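Student: Add chain B to chain A, keeping to what the hints say.
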Amino acid sequence: SVLTQPRSLSGSPGQSVTISCTGSATDVGRSSYVSWYQQHPGKVPKLILFDTYKRPSGVSHRFSGSKSGNTASLTISGLQAEDEADYFCSSYAGRNDVVFGGGTKLTVL
Amino acid sequence: QVTLRESGPARVSGTETLTLTCTVSGVSLATSEVSVSWIRQPPGKALEWLARIDWDDDRAYAARLQTGASGLHISKDTSRNQVVLRMTNLDPMDTGTYFCAQMIYGHHAYELWGQGTLVTVSS
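Read top to bottom, the protein sequences are chains A and B. Heads up, the first sequence is in my numbering, so the first residue is 1 and it goes up one at a time. Heads up, the second sequence is in my numbering, so the first residue is 1001 and it goes up one at a time.
Just chain A, with the same shape it has in the complex (with noise of 0.2 Å):
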């Protein structure tokens, strides 16, 4: 994949965790376009950021977003159960181009 995210990360009910999703200066680093999909097993993603930071309507004020450079994260903070899932990234990228991250897969101990 074009974006790099850690493949895997972890916490504990309550906790806050952020993932990052770094690019290049042709990507993240020069787009405001990049988004945030939530994916549980078997299901269709889900749009939880875009534009870095907006959340659509009915998304859980829990999830943020930020950017820095060539680096985008998502931080979700008071971990539930249900924040299980793979998070995966994406950045506008230049002349109508689209691409994601490998993906993240979270567990919440």
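These are computed hints drawn from the structure, not numbers from a lab. Everything numeric in this text was worked out from a predicted model, so none of it was measured. One or more hints might be untrue.
Stated by the list, open to error - No farther apart than 25 Å at their CA atoms in a straight line, the calculated lysine-lysine pairs in the DSS-like style are these:
(1) A:K67 - A:K105
(2) A:K46 - A:K105
(3) A:K67 - A:K46
(4) A:K54 - A:K43
(5) A:K46 - B:K1045
(6) A:K54 - A:K105
(7) A:K105 - B:K1045
(8) A:K54 - A:K67
(9) B:K1045 - A:K43
Tutor: What follows is chain B alone, placed relative to chain A:
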């Protein structure tokens, strides 16, 4: 309420052309700022954006696939409200679930997804 539904063959060989159809309900593909993409996911792996078509027939393809042997073509039939993806030069690595999704126009983010269709490519 907008919904998307993918359809196509469950299995194809590498010598065939894969044709996938995304039937959209609840909004016309001719409506301004309506944009539909195809995104795929090999089993247990990451998402990969493939192509997009907009209401005005503007199209875009993944840069990585344009430089390889993959033959990708996206089109739409406004009368049937369907988006069609055709792929040639198939390889078993093209096996995966193919999703169509509606983009939040101008934001390159996908809020509405179909359920996906699993395609297995045999050599």
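Student: Does each hint fit the structure? Answer for all of them.
Tutor: How the hints compare with the structure:
1. About 20 Å separates the Cα atoms of K67 of chain A and K105 of chain A, which keeps this hinted pair within 25 Å; it holds.
2. Restraint check for K46 of chain A and K105 of chain A: the C-alpha separation of about 15 Å stays at or below 25 Å, so the hint holds.
3. This hinted pair checks out: K67 of chain A and K46 of chain A have alpha carbons roughly 20 Å apart, not beyond 25 Å.
4. Restraint check for K54 of chain A and K43 of chain A: the C-alpha separation of about 23 Å stays at or below 25 Å, so the hint holds.
5. About 16 Å separates the Cα atoms of K46 of chain A and K1045 of chain B, which keeps this hinted pair within 25 Å; it holds.
6. About 22 Å separates the Cα atoms of K54 of chain A and K105 of chain A, which keeps this hinted pair within 25 Å; it holds.
7. For the hint linking K105 of chain A to K1045 of chain B, the alpha-carbon distance of about 11 Å falls within 25 Å, and the restraint holds.
8. With a C-alpha separation of about 12 Å, the suggested pairing of K54 of chain A with K67 of chain A holds against the 25 Å cut-off.
9. As the CA atoms of K1045 of chain B and K43 of chain A are separated by approximately 13 Å, the hinted pair is consistent with the 25 Å bound.
Figure legend: structure checked against the earlier numbered hints; every hint is met.
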